[in-house]
Amino acid sequence: MSTLTRRTVPALAAAGLIALSLTGCVQGENSGGDAPEAASGEWSTTTLSIDWATYNPLSLVVKDQGLIEEVLGDSVEVEWLQSAGSNKANELLRSGSIDVGSTAGSAALFARANGSPIQVIDVYSQPEWSAIVVGPDSGITDVAELAGQSVAATKGTDPYFFLLQALEEAGLSVDDVEVQNVQHADGRALLDGGSVAAWAGLDPIMAAAEVESDDQLVYRNVDFNTYGFLNATEEFITEHADVAQVVVDAYEEARAWALAHPEETAQLLADAASIDLEVAQTVIDERSNLDVSGVPGDAQLAVLETISPIIAESGDVAGGQDALDEAIATIVHDEFALKATE
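For what it's worth, my numbering labels the leading residue of the sequence shown as 1, then goes sequentially.
It should be emphasised that the hints constitute simulated quantities derived from the structure, not laboratory data.
It is possible that some hints are incorrect.
DEER-style ranges, computed between Cβ atoms [to be verified]:
| no. | residue 1 | residue 2 | range |
| --- | --- | --- | --- |
| 1 | S44 | A147 | 52 to 58 Å |
| 2 | D325 | G139 | 39 to 45 Å |
| 3 | S138 | G319 | 34 to 40 Å |
| 4 | S44 | T306 | 47 to 53 Å |
| 5 | T330 | G73 | 32 to 38 Å |
| 6 | L277 | T141 | 26 to 32 Å |
| 7 | S138 | D242 | 49 to 55 Å |
| 8 | D137 | G96 | 31 to 37 Å |
| 9 | E305 | T238 | 25 to 31 Å |
| 10 | A144 | A299 | 28 to 34 Å |
| 11 | E305 | S97 | 29 to 35 Å |
Using N, Cα and C, we set each Cβ at its ideal position, and we do this for glycine too.
Required output: the full structure, derived from the provided sequences and hints.
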């Protein structure tokens, strides 16, 4: 496997840059020739626990191609754990079960505001992965019609915060609906079984529901979807910066590859999520914007500032708006992404 450029590139330019990289680029070349490994030849840790998730296509590329293992070698054991949703990734991060995990931006903000010591070290996508979904025979055509209805959603994830924003726009609040707090796949099952009137869905499960169950996306709004955040614990960032750099470098390498190979990326998603390739292609081609800067900064903070009052109003953050403001001010750690994309 050839090492690809770590520079974040537009899709149309990716293929050309990759072709250049095949001439013999080695690990560390794109960061001024300095490999991230410590000068002593030893890494700062012997283990790395990191998640993969079907809602994070780049994680599938990094895992499948062994990009992290290739750099760390045999001296660091890499453990991969699946995150079924942002809430599960946050649970794993908070418990110390993983060092690095994938969440939506809103979920990362929610977790940090509630005391989880995490920071975003890379942005893996700007997706449209959430929508309000109803069954094929539903008479509901507008979010306002959800008043008094039961809605499935996974609290602490982007679809849940999408639901809160959609309700507010329709003149409702979360108190006007009955939220069934279940995992994403269970939300689809409740909808298809007729136990709820709507579901705040998440791709790729949502895209599969459209094809397999003829479920309908009754409300979409790309602006209500927050970015995909790759988060690390503060301890990991401080104690193992060398390995954190390897992880972010791998993500930027995976981004360039995914942009140049959308069909292969869709196949990885189809295999990982056990969905049809056609469904996976819809997710990758139409709802997963991977062609964004991996460096977290103003664009992501602006989205978090927009959504934070809605999270505060939900009552799910003990410290309210003050805790959310503090989280926004301290959530970004851009050092690794800046180096990976320089």
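To see whether the hints hold, each was checked on the structure:
1. S44 - A147: 52 to 58 Å: For S44 and A147 the Cβ distance comes to about 54 Å; the hint holds.
2. D325 - G139: 39 to 45 Å: holds, 41 Å
3. S138 - G319: 34 to 40 Å: holds, 38 Å
4. S44 - T306: 47 to 53 Å: For S44 and T306 the Cβ distance comes to about 37 Å; the hint is violated.
5. T330 - G73: 32 to 38 Å: holds, 34 Å
6. L277 - T141: 26 to 32 Å: Once the Cβ atoms are compared, 31 Å apart, the range 26 to 32 Å for T141 and L277 holds.
7. S138 - D242: 49 to 55 Å: Since the Cβ atoms of S138 and D242 sit about 52 Å apart, the hinted range of 49 to 55 Å holds.
8. D137 - G96: 31 to 37 Å: violated, 46 Å
9. E305 - T238: 25 to 31 Å: holds, 26 Å
10. A144 - A299: 28 to 34 Å: Holds, at about 30 Å.
11. E305 - S97: 29 to 35 Å: Holds, at about 30 Å.
When each numbered hint is compared with the structure, violations occur for hints 4, 8.
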